[in-house]
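Chemist: I would like the entire structure built from these sequences, with the hints used as guidance.
The chain contents come next:
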Amino acid sequence: MSDITKQSLSELVKNIKNKKVSSEEITKEFVNRSEKSKELNVYITENYSSALDKAKKFDQKPNLDLKLPGIPIAVKDLFCTKDIRTTAGSKILNNFVPTYESTVTQNIWNEGAVLLGKLNCDEFAMGSSNETSFFGNVQNPIDKNLVPGGSSGGSASAVAGQLTPITIGTDTGGSIRQPASFTGIVGLKPTYGSCSRYGIVAFASSLDQAGPMAQNVKDCALLQEVISTYDSKDSTSINFKRNEYSKELTNNIKGKKIGIPKEYRVDGMPKEIEDLWQKGINYAKDCGAEIIDISLPHTSYALPTYYIVAPAEASSNLARYDGVKYGFRAKGENLIDMYEKTRSEGFGAEVQRRIMIGTYVLSSGYYDAYYLKAQKVRKLIKNDFNEAYKKVDAILTPSTPSAAFKIGEKKDDPVSMYLNDIFTVPVNLAGLPGISIPAGHDSKGYPLGLQIIGKAFDEQNILNIAYAMEEKIDFKNKTTDWWIK
Amino acid sequence: MSKNKSEYLISRKDNQYEVVIGLEVHAQVTSESKLFSTSSTKFGAEPNTQVSLVDAAFPGMLPVINEFCVKQAIKTGIGLNAKINKRSVFDRKNYFYADLPQGYQISQFKDPIVGEGNVILDMPDGQKKVGIERLHLEQDAGKSIHDLDPQNTFVDLNRSGVALMEIVSKPDLRSPEEVSVYIKKLRSIMRYLGTCDGNMQEGSLRADVNVSVRIKGSKDLGTRCEIKNVNSIKFMQMAIEYEANRQVDLIEEGNSIDQETRLFDTKKNETRSMRSKEDAHDYRYFPDPDLLPLEVSDEFINKLKSDIPELPDDKKKRFIDEFKLSPYEANILVSDIDTAKYFEEVVAKMGKNKDIKLAVNWITGELFAVLNSKNIEISQSPISAKNLAILINLIKNGTISGKIAKTVFELMIDGNKDPQKIVEEKGLKQQSDPKALEALIDKIINDNREKAVEYKQGKEKLFGFFVGQAMKASGGKANPQLINEILKKKL
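Protein chains in written order, with our numbering: chain U, 1 to 485; chain H, 486 to 976.
No lab work stands behind these hints, which were simulated from the structure alone.
Cβ atoms here follow ideal geometry from the backbone N, Cα and C, with glycine treated the same way.
A few of these clues could be false.
[What the hints assert, rightly or not] PhoX-like mimics (lysine-lysine), calculated; alpha carbons at most 20 angstroms apart, straight line: (1) H:Lys-962 x H:Lys-920; (2) H:Lys-595 x U:Lys-376; (3) H:Lys-628 x U:Lys-325.
[What the hints assert, rightly or not] Short, incomplete list of chain U residues facing chain H, as computed with Cβ under 8 angstroms: (4) Cys-80; (5) Tyr-198; (6) Ile-200; (7) Asp-234; (8) Tyr-339; (9) Leu-362; (10) Ser-364; (11) Ala-369; (12) Tyr-371.
Modeler: Below you can see the structure in the form of structure tokens.
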């Protein structure tokens, strides 16, 4: 069977179930393509031979009732995988091999999938372009020297470049939706508490969520169904009734009220993005949805709030990487010297910057002015959404303020880099689900995404809206396989 | 509350100084597993054998609160007559140290689980109420071992993550003696509740001691110094005495006190500076985002309240009312839960015709002496409460005399034998048959005619001689009361 790697997850599952193709054949195809795609630099750790072994084993005794029967999947290297190196894109965990498995990845293996490898990402998920990874930047399959976005850039490129049929990323401020938008794929950030954080290298605990990334909405729904489970090992996991998202998926969104927040029309927004948004509004109308203008008054405070809360939590979460117990250790004269050298050499510049910011905003004398104030604003941002959801069922915005940019273009300008997250960050602060779907191209032919934000635990609704709009948009990714010689 | 007459004051020239002391007691929660992980808390295991991935802070590991520890903290709060906060928050206290794997300690900063309460101290000259500021739950750190290797420090994480209750008193204590009574009372309450074993040797109970001094009668508090991590009552008292005198000397010399953290050197019996206020850590406390605020319902608290056993203060009151004990006796019996249990078991086993007074005397006298000489706890007593009750009943019903009882008691120590059996086997039963005793006395009077005549002529001292002879002749078993009666009649 040709073009296996071009098939969507749903097609692959169907073909495996109909015994048209074996897990081994599929896995071989993805391994072959991955091996030919080294230039994209999406893999930190390859797990090809083990994947092939597991695929063979699956074929010997195939359980076709599973949701991901024998499907090879590569995952972001932020998920701890038992006996397989897990680096979080950092030198400080370069040699770290967990003895345990994250709940989210375990859920995937429980449904029959096999691990292809661990995907590149920004160091500790801190970045919007995948340029902060210790393992080098990732190439966007859309064009040479184009960033794939971040932090789940390796994951986005792997799906867009057809090196894995689906993948999982994590999203703290936009790390699934922004790279999905930059690479022309679908990415869902679930409601906070939907997917367990157990075994995921922490960046900012109150914001981090794992989520699916896929070629289309249906695949995304299926993967969400697999990874979202209540987990008593994560105290912030929420026990709510989870849908069978893929089974309950419908394109009938007639009468759904979709809000358009005026505050998202930011200064200096490129006309292309304006136009894309308008196009999205029209598609939603075509699907029978009702468009309602809404206001989210505290939107402009979301980014500064995020860049206080996230670094504050990160500065504490990353304190455990001290060279004492595991990971990289530099030689030092004494304990303090060892700490300083380990952390100076082990962490990259962006991670150090955020640790510094976080330490600063939590220090005595500044706590009230920064951290405490940010927590109060965070409440206001949540309230904005609560108010809006009295009038609408979902909210439609662009995913990002621009299309993907060139590698190196914003590397030395952290503030302009942070602006990438302007439309995605409020969703994390409010703990809501948001999905990015590809919706058009800019003048250079680079993909642009639209974001649909839902009520808490209302993943089904935004998946349905995305599914209906996807049909109307009929997006085609302009990939050329330029990296394959 | 009466004023403490035996005031602890430090005199210098014309000035008299009062010492103001507040304690932060760290009490290890009695629990099978740690505060946020399922590792065992058992003391004395091989290093690093009771360490989970959470305790060692592996990437992606998350804390999950141990409900039992929450219950223990609430119970302790109830025992301290304190307000239980239905909503409390776990915060991260951030600092780097090799035995702190997370790089932060999970503690409670702004919103502790238990608020204000109090403890009643029984001082020699009356009761004193000491205020409790708060009680909060926190994780213990691991242990750094510096003396095993000249170059390296070893770290044992068995203790890492074990639940501690930090109990903060108000600055209400005024003397080393009060501190001693306070610690013992806290320990007693927690042992009654089963929330902390109070074992200071194993580090289950230790304290940071805040000391300041002021001219007697002054209302303002002086600048305090905190003496860190003192692990015995004796050392606390020594440290306070040293520190208070040091501060008084500084003031008398016209110097001021620097607020600082100090360490007590048990070998040199002195405190010395560890770090000044300027060097104090900035712990960057903030709510732990891995844990939601801890919320408990009235129902949850009331259920725990209904499970609270009788505590020392109530037990003392009951002992005084029910058994007519003196406050002093009651205090001795209730201060340790095992002593109270032992006493109550003796009382129960004595049955209907019981002699409480005799029981108290035997427990606080003979039994305590044996425990002291063997250096053991009453829970390890070689004589069971049941057998002691039997012994006391044997005295009470005249089967043996008090003197013989002491002999029987000695025999009971080895092997916890039934005193009844000892009396039978050794033939120690008191001779109370009047006819037999009369015959015995007749013979003695006959053999000592001259002395009998002297007695009759008024030499009354000789009565004791006849009693002694009768006891001797009976091998010490004669009922002394009967001997007296018969002798009076016959002489």
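Chemist: Give a verdict on every hint.
Modeler: Hint by hint, here is what the structure shows:
1. H:Lys-962 x H:Lys-920: Satisfied, since the Cα-Cα distance of roughly 15 angstroms is no more than 20 angstroms.
2. H:Lys-595 x U:Lys-376: Holds - the C-alpha atoms of Lys-376 (chain U) and Lys-595 (chain H) are around 17 angstroms apart, at most 20 angstroms.
3. H:Lys-628 x U:Lys-325: 14 angstroms, holds
4. Cys-80: Hint on Cys-80 (chain U): holds, closest Cβ of chain H at ~5 angstroms, below 8 angstroms.
5. Tyr-198: This hint holds: Tyr-198 (chain U) lies near chain H, its Cβ roughly 6 angstroms from the closest one there, short of 8 angstroms.
6. Ile-200: Given a least distance of 5 angstroms, the restraint on Ile-200 (chain U) holds.
7. Asp-234: Status holds, d = 5 angstroms.
8. Tyr-339: 6 angstroms, holds
9. Leu-362: Since the shortest Cβ distance to chain H is 4 angstroms, the answer is holds.
10. Ser-364: 5 angstroms, holds
11. Ala-369: 14 angstroms, violated
12. Tyr-371: 6 angstroms, holds
Hint compliance for this structure: hint 11 is the single one not met.
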